[in-house]
Amino acid sequence: MSHLSLLLDLQPAAWHDPTQSLQFSTFLAHILVFLNAHLAQKHENSLAIFGAFPGKSIMLYSSIDQTKPADRRVQPDPNWYQPFKTLDAALTERIREEMPQPSTSSEAEELPVALVGALAKALCCKIIQATKVEAPSDTPVVMPESRILIVSVSPDAAASYIPLMNSIFSAQKLKVVIDVCKIYGPDTTFLQQAAYLTGGSYIRVEKHESLLQYLMMCFLQPPSVRSLLAVPTTDRVDFRAACFCHKDIIDAGYVCSVCLSSGSDCF
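Residue numbers (this note's numbering): 11 to 277.
Bear in mind the hints are in silico, worked out from the structure with no lab data behind them. Backbone N, C-alpha and C fix where the C-beta goes; we use that ideal spot for every residue, glycine too. Careful: at least some of the hints might be erroneous.
Claimed, not checked - Derived BS3-like pairs (lysine-lysine); straight-line CA-CA distance at most 30 Å: (1) 66 <-> 183; (2) 131 <-> 185; (3) 95 <-> 66; (4) 95 <-> 217; (5) 52 <-> 131; (6) 183 <-> 52; (7) 66 <-> 131; (8) 131 <-> 95; (9) 131 <-> 183; (10) 52 <-> 185; (11) 95 <-> 183; (12) 183 <-> 217.
Said to hold, decoys possible - Ranges between beta-carbon positions, derived for each pair: (13) 182 <-> 230: 32 to 42 Å; (14) 266 <-> 52: 25 to 35 Å; (15) 216 <-> 91: 16 to 26 Å; (16) 235 <-> 121: 11 to 21 Å; (17) 230 <-> 36: 28 to 38 Å.
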């Protein structure tokens, strides 16, 4: 039994760039096939999808909570497996509603993507899921194996270094693995550290047309069975920290002996 929390980096500037080879519609089709495969692996598998937009983070879909109106509007189709149809329709509609329009995209570009907020909500979902498990003392309780997959297209935001590291340490304590699928942009230092510290995988997609193959081969399996498979991982991790005073990523700096914060200038 596995629970997957998917964090989608929905930065309009990255997805509306005409020079990129992977269009958003194609990307979404690959994501939906991957999510359907996760649900098809086992009936008890659950799913939560969060969207990280400029300045806000929203839960787009949850297979645990099926009480939303968007789910009830999906009509049964004998040619579809109903959970697949519900997921496809609900996720597509929510992204269409929340994605900034071209008229407001210039204003949205000035705001950082709320990836930390989406990550915090995914961890809260894990905690809520654990507290809802109630069973008699003589009945063994099997908790779902929780993991988080971040699909990233944005660069590092140095200002979010401290809250992101706090979320990473919380994931460590909750034993939640964080995987990262990097599609566009330069490698992100902080997400590399997130995958390394939680025992996850950081994979950069070199061939965008093969995104579905990357997702299936690298991220479909739960962490408990990856040791039995030849799952690719990154062998290079950037452990640089962000400067506390200027919010820049630094190679060398000063460390406070009291709070252990790093800075480019002497405290």
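- Task: Kindly confirm whether 25 to 35 Å is satisfied by the beta carbon distance between residue 266 and residue 52.
- Result: Violated: the Cβ-Cβ distance is about 48 Å, outside 25 to 35 Å.
- Is the distance from the Cβ of residue 182 to the Cβ of residue 230 consistent with 32 to 42 Å? violated (23 Å)
- Between residue 230 and residue 36, is the Cβ distance one that fits in 28 to 38 Å? Taking Cβ atoms as reference, residue 230 and residue 36 lie about 19 Å apart, which means the hint is violated.
- Message: Quick check on a hinted range of 11 to 21 Å for residue 235 and residue 121, using CB atoms only.
- Response: violated (39 Å)
- Within 30 Å, alpha carbon to alpha carbon, are residue 52 and residue 185? holds (21 Å)
- Is residue 66 close enough to residue 183, meaning Cα to Cα at most 30 Å? Measuring from Cα to Cα gives roughly 26 Å; hence the hint holds.
- Message: Between the alpha carbons of residue 66 and residue 131, is the straight-line distance 30 Å or under?
- Response: holds (12 Å)
- Message: Check the hint pairing residue 131 with residue 95 against an upper bound of 30 Å on the C-alpha distance.
- Response: Distance of about 25 Å is within 30 Å: holds.
- Query: Regarding the pair residue 95 and residue 217, is the alpha-carbon distance no greater than 30 Å?
  - Reply: holds (28 Å)
- Given the proposed pairing of residue 131 with residue 185, does the C-alpha separation stay at or below 30 Å? holds (16 Å)
- Given the hinted pair residue 95 and residue 66, is their alpha-carbon gap at most 30 Å? Cα-Cα ~27 Å, so holds.
- Message: Against the 30 Å threshold, does the CA-CA distance of residue 183 and residue 52 hold or violate the hint?
- Response: holds (26 Å)
Going through the hint list in order, the structure does not satisfy hints 11, 12, 13, 14, 15, 16, 17.
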